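Working from the sequences, and respecting the hints, build out all of it.
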Amino acid sequence: MNYVLLAEQFFNGFQLGIILFLVAAGLTLIFGIMDLVNLAHGTLYMFGAFFAATFVLLTDSLILGMIIALPVMLVAGILLELTVLRTLYERNHLDQVLATFGLIIFFNEFFLIAWGPEGTGINLPPYLSGIILLPGGITVPEYRMVIIVSGLLVALFLYLLVSKTRIGMLIRAGASNREMVGALGINIKLLFTLVFGLGAVLAGFAGMIITPITQAESGMGESILILAFVVIVIGGIGSIKGAFIAAILTGLIDTMGRSFIDVALLQIMNAVAAETAGPAISSMLIYILMAVILAIKPSGLFPPKGA
Amino acid sequence: MNLAILKTPRGIYNSILILLCIFMPLIAPAIEQEFFTDVFARIMIVTIAAISLNLIMGYGGMISFGHAVFIGLGGYAVGIFASHGIESAYIQWPVGILVSGIFALIIGAISLRTRGVYFIMITLAFAQMIYFLSVSIEKYGSDDGLTIDARSDFGIPFFDLNDAMTMYYTVFVLMAGCLYLSYRIINSRFGRVMRAAKSNDERMHTIGYPTFGYKLTAFVIAGMMGGLSGLLSANFEDFVSPDMMFWTVSGELIFMVVLGGMGTIMGPLGGAIIFLFLSEVLSNITEAWHLIFGPFLILVVLFARGGVEGFFAKFEKRDD
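Chains as they are written, first to last, in the numbering used here: chain A, -2 to 304; chain B, 83 to 402.
Note that these hints are calculated values from the structure, not bench results. If you're wondering where the values come from, they're calculated on a predicted model, not measured in any experiment. Please note that a few of the clues may not be correct.
[Said to hold, decoys possible] Now the stretches of chain B that chain A is said to cover, found in silico as 3 or more residues with beta-carbon under 8 Å: (1) 96 to 109; (2) 191 to 199; (3) 207 to 219; (4) 327 to 336.
Heads up, the beta-carbon is just placed ideally off N, CA and C, and yes, glycines get one too.
Right, dumping it as structure tokens:
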């Protein structure tokens, strides 16, 4: 086994995990507090990618573009909440699923028409396109490190927000008993809007920082959304800690599986069989992980208390 | 059955749906829209999947967001066997239905232990797992899918699925059979337990019904029926691909059931007809028909609870 490759794939997996966490954290908060199944959460991720691409193009600066895109993301999230999603809180899960499915269909088509099937991208400025050399000959692209560090900073910020501030206290209280928070005189509608805005910013931020590596394209939200579902089911719906651990776990297992499972299979079967079975098994790996965890703990690793 | 029911608006509407299915091969040439026959064959194939989804979602309260996976499993049973030169329907069909059933048993056993929103996400995730599996296997076409050279062979003289009319009426008879089967299931003791579990699971437990087994059985029946839809689709299109079980197809199936009227026997047929005709018409008007379809879907959810059947049911009450 090649340890340099192993380490590099570890960073790739960790980076995927960070992106998954950013999307899953908002999703799990919105579900935990508003009891809303928001399929359109992946759409917010796509919003982030396109907003960032647009503003980076306009300002000709990666950092400035992203800084402008963040408040725009917040506004977009709040507008979406006020116009459509707010009416869905009182509805059952089926209505929520269908209505947000309708939002996905609309916005995917919208961005497809506006930017074409190839979408658009962001070029990395020279100061971010270098490579970091770690001890032992391991190389990590600078920008990948930026994603990991900024994701971890957001995770830390989220932890402090939820556990140390008054807003965080309300969020935690809302997650365990919505009606009671409302009964205590808290403006629950405002809290819901704020939480949705926060979730939108987190998902949008994930979309922004991934765009220089991938692309901003129509339909990009749904592949990440379904992975984020796996993450929050594993982590326990409503738990940010669970989302973080499950996201990193899912990112690592998915990436490592794709790189190393055919190597591992070579030990037990011939080359032709391993080449066929490798991609098949690695594409199913995280779903098998989810099935195993659910078989043992049906409410995920960290089910929120009181739910 | 009481024939008076046929004279209500809802009865007339449902009769028209069935008559359209029966006579479309005659109507289509008469109005010089030959392709309507193909559209209706597709509608009836999709209806079979919608009936099976309605069974668990409308009557059992199990919102499966991965139902298209069974269409895919049934379809690939035909495709994979055909690619190995095995064309006998007596191998393809039982295996396709059995594989769908076994897969339903496995994901049902895992996901029915959870409730509500977990169920939606888990069924979606497992369906995506099979989707990605089908994409990853190059031997069976990956993204490009498999072209099927020969339709399922039943070995009966004068019964050849390559004949367009034989194919059409085979689909019709099977769809009608599934409608009847769902009617019988809903009104059986089994169906009543399932419906009662939907309205109050704890009460059913308390009075001594192990509802898990009932729900799992319903889920497996629905899975097998979905597999049948896939077998027919593969035969009709002469083609299978991962696209037939993409998650959006599952979403569309849910929408058809809701549009037609969830928890009604004939709802899935009406929903499938309206949905597929609407998408046919809209996509002829503009390429960007999803821009209209998305908001339409949201409006139906927000303002038209009960779907078309619900609309006619309201009508009936006013008559009384």
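The hints, checked one at a time:
no. : hint       : verdict
1   : 96 to 109  : violated (count 0)
2   : 191 to 199 : holds (count 6)
3   : 207 to 219 : holds (count 9)
4   : 327 to 336 : holds (count 4)
Consistency with the previously given hints fails for number 1 only.
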